[in-house]
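Whole structure, please, built from the sequences with the hints as guidance.
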Amino acid sequence: MSYTRGFFAGTVTTLFAVGVYQYAQSPKSIQHQYDQQVSDDVKEQIKRRILKYGVPNRGEEAKVFTNHVLSYDQSKKIPIWVAECITKEHAQGNANRKYSKFMPDSQILSLFSADNQDYLGSGWSRGHMAPAGNNKHDQRAMDDTFYLSNIVPQDMDNNSGFWNRFEMYCRHLTKRFDSVQIFSGPLVLPTETDEKGQKLVVYPVIGKNEVAVPTHLYKIILVETNGTPSAIGCFIVPNQPIENKYSLTEFQVSLEEIQRRIGVEFFPKLDGTRLQSLCSVDSCTLTRRQG
DNA sequence: CGGTGTAGTCAG
DNA sequence: CTGACTACACCG
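Everything in the first sequence is counted per my numbering, starting at 829 for the first residue and increasing by one.
No lab work stands behind these hints: they were computed from the structure. Quick caveat: nothing in here was measured; it's all calculated off a predicted structure. All C-beta atoms in this analysis are idealised placements derived from N, C-alpha and C, irrespective of residue type, glycine included. No false leads were mixed into what you were given.
Subject to a maximum C-alpha distance of 27 angstroms in a straight line, what follows is the list of computed DSSO-like cross-link-like pairs (lysine-lysine):
#1 Lys-1003 / Lys-964
#2 Lys-1003 / Lys-1097
#3 Lys-916 / Lys-1003
#4 Lys-891 / Lys-929
#5 Lys-916 / Lys-929
#6 Lys-916 / Lys-964
#7 Lys-891 / Lys-964
#8 Lys-926 / Lys-891
#9 Lys-929 / Lys-904
#10 Lys-1003 / Lys-1073
#11 Lys-891 / Lys-1036
#12 Lys-904 / Lys-1036
#13 Lys-1027 / Lys-904
#14 Lys-929 / Lys-1036
#15 Lys-1097 / Lys-916
#16 Lys-904 / Lys-891
#17 Lys-891 / Lys-916
#18 Lys-891 / Lys-1097
#19 Lys-926 / Lys-916
#20 Lys-929 / Lys-964
Estimated spans, in silico, between C-beta atoms of each pair:
#21 Gln-935 / Thr-915: 22 to 28 angstroms
#22 Thr-915 / Glu-1038: 37 to 43 angstroms
#23 Ile-874 / Gly-949: 48 to 54 angstroms
#24 Glu-1052 / Val-1030: 35 to 41 angstroms
See the structure below:
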């Protein structure tokens, strides 16, 4: 709990270094130099000898759906990141969630999959990462978002409150920008400290599949005008009720921080582009009610 | 009997 | 919009 307060206060002052990538240049060790001299052929031979029966695989390769793409964490049974690229047309139409239902994703081996029983009665809601409401243009696209590969255990108040308004804000951005690319996903961050001052990562797991309950959720929003990226906003939100008094900007962080915490480089082909802060070109205010 | 499916209600 | 929960029909 103390981390939450620290987070609320601390993120405001977080250095905002969007679009700037720094790669620490480690001193070249002897081993490193040797490694560089080994030809790819030799490396392949070594691999074939030591990994005779194949290279171990975490199954994080991108999985493609009608209107979203995701990478899945087979250990935590929740996504790592879920990507969308939406325009205002995507959020309009007659698709209705009453025709959709939550179900396991057959692309995920059952050994690594959550099921509805894990969530029911757990005290945690099934929270979309790619939201259903971004897919009103196509019932199948909306149905796809109900696969549990796109779902994380989310605090009920957070889901229907702050996070819901956050998602509405993302749809609102499609009225101002040609397209809006969004990465959403869960995070487990250290939230506690033991008596020795050692930081701890503590998160619940639910159901027989022990689906990980993230401590936080994140969104990365990249808006485009005339086909070129113009601004970016990154946010980390605690997975707990968020009072209305908090504004979106209080949860803003740098792209660097979010990439370091998740261990993912989100835009490997977005090189050197100077991007403005989303909240400097847009209000970043959430509306109280739907609209 | 337990599991599935749907429709309606309730709440943030 | 975001969800859970309940009652009831159906089925093997």
